[in-house]
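Using the sequences and the accompanying hints, generate a full structural model.
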Amino acid sequence: MSRLTLALGVALLVVEIAASAALIAIDGRDQSLATTGLQFTACAAFVISGLVALAQRPENRTGVYLAATGYIWAFGVLTLVTNEWLFAIGFVLGDLVWIPFTALVLAYPTGRFASRLERTIPIAAGVLVTTTSIFKLLFDPTPAPTRCDDCPGSAILVADQPAISDTVDGLTSVVGLGLIALVVVILYRRWRNATPASRRVLWPVLAVGATTLLAVGLVILADRISDSAARFFQLILFVSFAAMPFAFLFGILRTRLARSSVSQLVVALDRGVPLRDALADALRDPGLEIVYWLDWRRGLGGAGWVDARGHAVGDPASDALHSVRFVERGGERVAAVLYDPALDTEREFVDAVTAAAGMALQNERLQAELRAEVNFMSTVTNTAPSLLVNVGTDGRIRNINIAALRATGLDDEERARGQYFWDVFIDADEREEMKARFHAAAPDFPAAEYENVFTNARGERLVIYWRSAPVHDEHGNVASIVSGGLDITDRKRHEQELRASRARLVAAADEARQELERNLHDGAQQRLVALSVSLRLAESKLAEDPAATSSILAGARQELAQALSELREIARGIHPAVLTDRGLGPAVEGLVARAPVPVEVDVCPGRLPPAVEAASYYVVAEALTNVAKYSNASGASVEVTREDGRVVIEVTDDGSGGADPARGSGLRGLADRVAALDGVLSVESTLGQGTRVRAEIPLAQE
Amino acid sequence: MPPTVLIVDDHPSFRASARAVLEADGFEIVGEAADGAAALVAVAELAPEVVLLDIQLPDMTGFDVCKRLARRNGTAPAVILVSSRDVSDYGDLIDDSHARGFVPKAELSGEAILALLA
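In the order they appear, the protein sequences are chains Y and X.
In this text, residue positions in the first sequence follow the working numbering: the first is 704, and each later residue adds one.
In this text, residue positions in the second sequence follow the working numbering: the first is 8, and each later residue adds one.
Please keep in mind that the hints were generated in silico from the structure rather than gathered at the bench.
Watch out, some of these pointers could steer you wrong.
What the hints assert, rightly or not - Here are some chain Y residues pointing at chain X (derived, C-beta under 10 Å): (1) 1018; (2) 1232; (3) 1236; (4) 1239; (5) 1244.
Said to hold, decoys possible - Using C-beta positions, here's what the derived DEER-type ranges look like: (6) X:74 to Y:1133: 45 to 53 Å; (7) Y:1163 to X:63: 49 to 57 Å; (8) X:45 to Y:1261: 55 to 63 Å; (9) X:52 to Y:1210: 51 to 59 Å.
Heads up, the beta-carbon is just placed ideally off N, CA and C, and yes, glycines get one too.
This is how it looks when you write it as structure tokens:
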């Protein structure tokens, strides 16, 4: 708003007041000068404060409403003249003051109406008061509100029928009271829903506005009861109405006073008050929030906003509950302050406060960035399955991740932190050696790797493969040593089991060959030797003793038959031809046929992969051999089924039980054979309850 | 006069065959033993001139028995080692032993023994 407009506004007021004053001086009624002076002062207050507000915030229409109230109210003094026509003009125009006044109260402090209803209320008020005034002028010969003897009559009286205007007055009074009640309710609700910062701005104008409107209502009611009561409330109405510009100015003054909090903010920041609290305090907005802009949020993906703790937050611009003040430094986006929208009327104040906090905001952003980084790193380290330990140059644990903590067997990070790593990760008998190695590595602590076997706090034996490297400070000295470890306990155990199992398989194969050699040597070979000797003997006796020769040959044939039978048995032991030719079912039938006790057989039909078939066959063969040798059973059963992609072999007997699978190489060898096919062999053998050998072999290999 | 013989072997079928063959060739079989310990006792008691000694015995090897017999006081019998295995299976063991010689079991005959004793 230009100075010219301001000057014109003031000039208009001066002209209006001067003209009215002149009219009053010429044609005024008794005692009208004192009242006029008072009213002019009040009008001037409205106009001047309105013009000042308009100059400050041209876009805010509260200034217009204030000034309009002043200009229009000044016409009201015309009712103090004796001229009927001037009186009628003042009578009608003066009451129009309620239009800008209600607009001011409803649109304060933004100058905008919150709803269509609120926009309609000032117009309705205008229509209402104009209707009343005009009916009074048309039908009431003494339209002046207060009974007075020298008041002029109506200039446009059409009929002396005050009953008509009284009826209209009654009706509009009722509607007016309803309108007042509605406005008061709106104001009350606005107050109730307002934030603390908002209330600070609202209360002077709202309080004065509500008081004025309630006084209007009381005047309307009292008017019908007693003159003195009506005068009293009229006085209150006048005082409170005239107080409005001051209430308005008081609000502005409070804003001005709040500016001192900028210096308080600087002092608070200097004292180390947390930035958000200091800002919230300075702006008197306890719900204030600050978010920081990071060009690169590791782990959160790309640029974006984080809170002071480094956690990702949404775009502050899309926050519906707050207004946003973006903070930039050196053309670079730094932070955003989210504050109560009520503070929007004091934008310069918000600007001043955030500007004062600029450096602190930048520092805080760096902190937030660091925290975001730390959050990310801590998520990474605690998610990693590897053990991660940071050890000081004194050998004490500084940081430890979840995997490493788990390995220590301690449940609490605090119990691990500060301990010497050798007390946690090294067995007692190796501790001194490790300490010596650690101290020998000082001060460079070169990168190293080693395997470490220890028993943790829970008594679990662990094998860890460690790699460590020094972390240097800004002077190039080693600040700490970071060690990453892999828990290879399971791998080691599997390796060990595998080695043992392979060794057993090799030993079993060697043993089987030795046994085969022994069987051949002791059995068939001996028989063939004997046969050879017998034949030589027969040959030498052939001429002199044919009868003896015949008997020797008969013996030799018997020997030969036995040798053949033994060779067959051995060949079957090496690998049963029936298994290769006809499969597991017939092969098991063969085993069962040679068993010394009755055996029930149920073998699923069809062929299996050769390795599975052979393993299954030997499970049945070994189990039936054990039944024959040790069980004293009277019967047994063999069941081979296919289910869920695996073969299940079960051999049970009703014998004495008590077989120990750990003893005896037969079952152990079987277990290895089954394990080589990823299968499992189990033996249940409770004393007196028979034995159940069960093997499960997956069919997935082939 | 054919020599007296002690047969040492853990297989009864071989002992029987050997006895039949050697007796047929005129040897006098003075006794049989099924293991090394029994063989040592039998030699002390029967004092055979020849011991037909199987190399693979359940309690000790024929070489061990041979060594012990050589260490005895008095005259040691002539030891003929026998086996159903081939001579090459034993490498230098037979040459290094105190035995008079080796006969594969399948080729056993009085003739073979006499040849080694000569």
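Do the hints match the structure? See the list:
1. 1018: Hint on residue 1018 of chain Y: violated, closest Cβ of chain X at ~91 Å, above 10 Å.
2. 1232: Holds, because the Cβ-Cβ distance from residue 1232 of chain Y to chain X comes to roughly 4 Å (cut-off 10 Å).
3. 1236: Cβ of residue 1236 of chain Y sits 4 Å from chain X, so the hint holds.
4. 1239: 6 Å, holds
5. 1244: Holds: closest Cβ of chain X sits about 7 Å from residue 1244 of chain Y, inside 10 Å.
6. X:74 to Y:1133: 45 to 53 Å: Given a distance of about 51 Å, which is inside 45 to 53 Å, the answer is holds.
7. Y:1163 to X:63: 49 to 57 Å: Holds, at about 52 Å.
8. X:45 to Y:1261: 55 to 63 Å: 28 Å, violated
9. X:52 to Y:1210: 51 to 59 Å: Given about 43 Å between the Cβ atoms, the range is violated.
Violation of the numbered hints given earlier is confined to hints 1, 8, 9; the remaining hints are satisfied by the structure.
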